[in-house]
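Trainee: Residue numbers (our numbering): 1 to 158.
Because the hints were derived from the structure by calculation, they are not lab data.
Bear in mind that the values here come from a model prediction, so they are computed numbers and not experimental data.
Be careful, since some hints might not be right.
Claimed, not checked - Listed below are the simulated BS3-like cross-link pairs for lysine-lysine, each with C-alpha atoms no more than 25 Å apart in a straight line: (1) K85 to K96; (2) K64 to K141; (3) K64 to K37; (4) K64 to K41; (5) K54 to K64; (6) K141 to K41; (7) K85 to K41; (8) K114 to K37; (9) K134 to K114; (10) K41 to K96; (11) K64 to K85; (12) K96 to K134; (13) K114 to K141; (14) K64 to K96.
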Amino acid sequence: MDDLTGQCAHLSLHTKECQTIPLTSAIENNNRVLVAKLFTKRRVNIESLARTLKSMWRFAQDFKVRDLTQNTILLLFTHEINVQKIIPQGPWTFDKYLIGLYQTSASESVDDAKFDTNPFWIQLHNLPLSCMNKANALAIKNTIGSVEQVDASPFREC
């Protein structure tokens, strides 16, 4: 062992020895890829998750699931339209645990995926009829975060 250590002691890498290797993308279209994270501390069975997702997303049967790290997976879809249907229909759950979805851009890696926000549909009950308007809905949204859309009629009623 000491002999091997002695032989390798003189080895070093210099900048002139470094070679730049051009990388090609394995996926031509990043719009068909989602990174998903399950918000639970327990380990999830990926095969069971894949079967459940295929059951929930009947229109998107043809997709692959790759296990990345603990409770983070890569979803590879055949058609971009399926991704565009899945994202707005959320939030999604598996075994009562939230599934966060993140669509990466072409220059992002899986490690760049951020799961710090998730859209939820919120319905308020027992508001006086006179207060059911878009202005009040936008005022309420300031207390809960960003709002993607307010369901309001043309008469400014919610």
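Trainee: Are the hints correct? Go through all of them and say.
Mentor: Hint-by-hint comparison with the structure:
Between K85 and K96, the direct Cα distance comes to roughly 21 Å. Compliance with the 25 Å bound is thereby established for this hinted pair. Simply put, K64 and K141 have alpha-carbon atoms about 37 Å apart, too far for the 25 Å limit, and the pair is violated. About 15 Å separates the Cα atoms of K64 and K37, which keeps this hinted pair within 25 Å; it holds. This hinted pair checks out: K64 and K41 have alpha carbons roughly 24 Å apart, not beyond 25 Å.
Distance hint between K54 and K64 is fulfilled; the C-alpha atoms sit about 10 Å from each other, no more than 25 Å. Between K141 and K41, the direct Cα distance comes to roughly 30 Å. Violation of the 25 Å bound is thereby established for this hinted pair. The suggested pairing of K85 with K41 is violated, with an alpha-carbon distance near 28 Å, which exceeds 25 Å. Only pairs whose Cα atoms come within 25 Å are accepted, and K114 paired with K37 is accepted, the gap being roughly 10 Å.
Restraint check for K134 and K114: the C-alpha separation of about 30 Å exceeds 25 Å, so the hint is violated. This hinted pair checks out: K41 and K96 have alpha carbons roughly 13 Å apart, not beyond 25 Å. In summary, the hint linking K64 to K85 is supported, as the alpha carbons are separated by about 17 Å, within the 25 Å threshold. For the proposed pair K96 and K134, the alpha carbon gap of about 32 Å is over 25 Å, so the pair is violated.
For a cut-off of 25 Å, the pair hint linking K114 to K141 stands: about 22 Å separates their Cα positions. Taking the CA atoms of K64 and K96, the gap is near 22 Å; set against the 25 Å cutoff, the hint holds.
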